[in-house]
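Q: Here is how the chains run, residue by residue.
2 protein chains.
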Amino acid sequence: MHLVIIGGSDAGIAAALRARELSKDVRITVLLADDYPNYSICGLPYLIGGQTPDASKLAHRTTFPAVDMRLRHRVTAIDPAGKSVSIERPGGTTELQYDRLIVATGAHPVRPDIPGADLPGAFVLHTIDDGLAVLDAVRRHRAGKAVIVGAGYIGIEMAEALQQRGMHVTLLSRSDEVMPGVFSEIGAMIRERLTTEGVEVVTQAGVERIEQGMVVEQRLVVFTTDGRRRPADLVILATGVRPATDLARDAGIALGEGGAIAVSDTMATSHPDIFAAGDCAVTRHRLHGKPTWISLGTIAHKQGRVAGENAIGGSRTFHGIVGTQSLKLYDLVIARTGLSDTEAREEGYEPLTVEIGAWDHKSYYPGATQIGVWITGDVKTGRLLGVQMVGRAGAEVSKRLDIVAAGLFHGIGVDALNDLDLSYTPPLSSPWDPIQRAAQDWSHAAARSG
Amino acid sequence: MHLVIIGGSDAGIAAALRARELSKDVRITVLLADDYPNYSICGLPYLIGGQTPDASKLAHRTTFPAVDMRLRHRVTAIDPAGKSVSIERPGGTTELQYDRLIVATGAHPVRPDIPGADLPGAFVLHTIDDGLAVLDAVRRHRAGKAVIVGAGYIGIEMAEALQQRGMHVTLLSRSDEVMPGVFSEIGAMIRERLTTEGVEVVTQAGVERIEQGMVVEQRLVVFTTDGRRRPADLVILATGVRPATDLARDAGIALGEGGAIAVSDTMATSHPDIFAAGDCAVTRHRLHGKPTWISLGTIAHKQGRVAGENAIGGSRTFHGIVGTQSLKLYDLVIARTGLSDTEAREEGYEPLTVEIGAWDHKSYYPGATQIGVWITGDVKTGRLLGVQMVGRAGAEVSKRLDIVAAGLFHGIGVDALNDLDLSYTPPLSSPWDPIQRAAQDWSHAAARSG
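As they're listed, the protein sequences go chains A and B. Under this note's numbering, the first sequence has 208 at position 208, and the numbering climbs by one with no breaks. Counting from 1 along the second sequence, just add 450 to a position and that's the residue number in this note's numbering.
Rather than coming from a laboratory, the hints here were simulated on the basis of the structure. Please read all numbers here as calculations on a predicted model, not as lab measurements. Every residue gets a Cβ at the ideal spot worked out from N, C-alpha and C, and that includes glycine. Be aware that a few hints might be false.
Said to hold, decoys possible - The calculated label-pair distances, taken between Cβ atoms and stated as ranges, are: (1) A:E346 to B:E647: 47 to 57 Å; (2) A:G82 to B:H894: 33 to 43 Å; (3) B:S813 to A:D34: 38 to 48 Å; (4) A:E21 to B:K740: 51 to 61 Å.
Said to hold, decoys possible - Heads up, incomplete: computed chain B residues facing chain A, CB under 8 Å, no partners named: (5) E471; (6) S473; (7) Q775; (8) V783; (9) A785; (10) E846; (11) D852; (12) D871; (13) L872; (14) P876.
Work out the full structure, taking the sequences as your base and the hints as a guide.
A: What follows is the structure, given as structure tokens:
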């Protein structure tokens, strides 16, 4: 059996490794468009910010025993009838037959549809080559001005990175607040933190166009919807990604939510013998059961592992997501899981959100810091819908959030958080963990509101 | 309705607060033997170690609105037929009628049955008064010698505390290793860490007797089973606790596992209208379903909350424990949940334990440290049985362990840990959390062994 995998990032490599782990006999070929197998693109902000000076360290792993890794092999077409793929590679083109195919083509960054978005000096950030290009520009403009378009995870991480490099950074958010995926109070804390560090944050600011500057040849000018002109040595377009599905679509493979490849829970596509995984594929949200699309390394790894197992004859199920994400910004940690209030309402729930502040550990032991917990549950059923959390690095915020994620995965009620037998020692927590304190306050509030 | 609660520590106060929260009408009286309502006795090592200089800060809370807190009211008898309790208080004795009673009498420290165990200078450590007495002795013997008998959680925490105070500390363990509740490799790491800090750790050392020293009046001499005589200005007897159930037993209330009060899942005792909660009561281990007895604040809070609700007419269930505990020792964090290999075997499981080392976050981001994960599962069924973890403070070890505790609570298989949608950002974790990496290695090892 010959298993061919298109894509050598998280999903593709996870698939290859799982197939290799389960079978000694299957022949495995991974086709990569670039030179960087299994690189952590989530690490690009740290390459650019300087915390990770050596780009080669971004590789999750560097050896792939008994996997045929073909770099600079760009697939140009899939022929499902002939069970082959067409490839452009250095020196020409070729074809490769497969018995089973896994499409793990990932996502493309979205360049906004505005004049000047493709000028030199305006960068998207998705591949290692993108990152190296930005790094090069940063080095040329150490004390210069950077404008970041888009204030989601990447935009915020890049604001810290470029500020750390000594640049004058402006972060533009189209919304009323930064980080649209979290409660606006949390967004405000992020904005304030960035502002404290010297980043100029502008909300309700769309970009109309980008022009080449007249005076200084290399400088760009960003025209924003608030009527301002912002000169920039460097523009980062962090306006999201879309699934890279041209190949799949051209091969007649069915697409689904968000234009991503439609897959079953076994990661099978509409075509026999073709699986898909990672950013190019649809996923399923456990809290509403519906297909959704989201670009995250954790999902790519999980889907890839399932696809790798099933492509060689296994029958594993991908169990879906609950929407867990985290962000570190300076010494702040922000994490969320589940549905926000707004998302929950859209899904027909009757959400109630309660916010508490609690010490990460007993305040009589030195170093205690406050954690903010926003907990959302369905008033009708008591079901736990989501939690968002903010605290200091060192306060175990991200893994504390994951306790909730584990509960959400099992569909528990808010009140059931109190039943969990969680660890406690005064330097690290409290007898009731902050998430349990929040659950208690929620139940109390829900009883009053009901 | 008059709810009387005997005991004002974790369980008693949790019960009072919950009853108060649910009902405005019930009259609530809490009878405390001492002066310290709702104090965190888990904090005693930090009072003595100096991290918490002010004992009053150990109070979890200091106000108890609409709860009648009676300090120095020691209950001497319960009369279930007459629904009253007899009380010794400053100035005399009295009786108090109840409609519902919650026994939350906690635990007593065990003074080992050896000659000299009650000499002045030989301390147990369980109440705030105990802690203050030890603190006083520590202040009188700053550069003196301390011998700690017993190398469980309290003994180990006290070794750090007294070493931090400048004392020469000897920690005696009867077992082959310190901290019998964890894998011996973890015990060895704890022992090495203590040794590095200058604590003398002696294993396989029981105590035969303690004598008053001849030369220096105030000094004790500890005679150990290895034939050594160890002079000590201060001896800490950290040899465990037993449930404080004399009152209950004398009232004819049925006792159970470990001599603790037998309770149903609603915290009801064998007597109508009498509930029990906390260290004096039996608990249930979810991994074998059997009654067990364990003294922990987290359990006391949970049981107290359930007892408080049910005593006033509610019908809440205490859902049992999975055996979660954590310890901070200098900058090491040790945490465990579930059953150890040995415990699992005793319960009829066929346990397999796999150990891995993994970075707490992506090693390309500064500050990554190694976490050791020991994962135990049942080879026959694939069921997750337990995890033990060791890492540095700041590596989110204790709350990472709690993700497993949440999974264990739901009875998941080892492999199902991989399905959990956990948070990832390079400065805080990896796309597969270390607990998931451990689960993958376990499944691989189990497949090979099967």
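Q: So which of those numbered hints doesn't the model satisfy?
A: 3, 4 and 6
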